[in-house]
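J.: Sequence:
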Amino acid sequence: MHVTKLGLLDLSAAFDCVDHDILIHRLQRSFGFGGTVIAWIQSFLCDCTQQVSYADGLSAIIQLAFGVPQGSVLGPLLFLLYTAELFYIITQAGLIGHSYANDTQLYISAPASSASATAQQFVACVEAIDAWMRSNRLTMNADKTQLIWLGTKQQLDKLSVIELSLLFAKVTFSTAS
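With my numbering, the residue at position 73 of the sequence shown is 73, and numbering never jumps.
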C-alpha cells in the first residue's frame, strides 16, 4: 500500500509576469513557431497598454512589457507554453505534474516506509522549479503552497514526516484518509 504526497503550488501574479521576449523565444525554439504566427502573437502581446482611473483622474498610459491577458482564450494557453519546461523538471525529479492555467499540482506515490526519502525528493523538485521560475521572471509563493498526504488511515499512521522546509518556509502536511 502506498501514500501519495500532493503539493499544490501557488504562483504569485503568474499571468502578469510572463516576459514577452522569453515567451516569443521559447515559442520559436521549443515549439517551432515562426513567421506569421510569431508576428501575430507579438502583435497580440506587444502593443498592450494600461491606464488606471482613480478619483476622477487618469494615470499616464504605459506600454506593458510583461503579462498575458487573463480574460482571453489565448492568455492561459500562452502561459502553459511559457511554463511547459517545468514538466521536464518534474519528470526528471521522479514526480508527476498537472497544470491548469497557473495552478500546478505535483504528486508522488510511495510506500509509507519511504516517506522521508520521497519528501526530500519532493523538496528537491520544488527547489528546482523555484530556480527555473526565478530565471523566467516568475515567483512561487511558498507560504501559500499546500501539501497533503493521501492514503488509508493505516498507511497515514505510519508516517513520520509531518512538515517540510520548503523555500525558506515550514510547510505542515495535512492528512486525509
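Just so you know, the hints here were simulated from the structure itself, not pulled from any lab data. Some clues are possibly wrong.
Claimed, not checked - In silico DSS-like cross-links for lysine-lysine, where the CA-CA straight-line distance does not exceed 27 Å:
id, residue 1, residue 2
1, Lys-153, Lys-170
2, Lys-170, Lys-144
3, Lys-170, Lys-158
Claimed, not checked - Quick list of the computed label-pair ranges, beta carbon to beta carbon:
id, residue 1, residue 2, range
4, Glu-163, Gly-34, 43 to 53 Å
5, Ile-22, His-98, 21 to 31 Å
6, Ser-160, Ala-124, 17 to 27 Å
For every residue, glycine included, the Cβ atom is placed at its ideal position computed from N, Cα and C.
J.: Determine for every hint whether it applies to the structure shown.
T.: Status of each hint after checking the structure:
no. : hint                          : verdict
1   : Lys-153 / Lys-170             : holds, 24 Å
2   : Lys-170 / Lys-144             : holds, 11 Å
3   : Lys-170 / Lys-158             : holds, 21 Å
4   : Glu-163 / Gly-34: 43 to 53 Å  : holds, 48 Å
5   : Ile-22 / His-98: 21 to 31 Å   : holds, 23 Å
6   : Ser-160 / Ala-124: 17 to 27 Å : holds, 19 Å
In terms of the numbered hints stated before, the structure departs from none.
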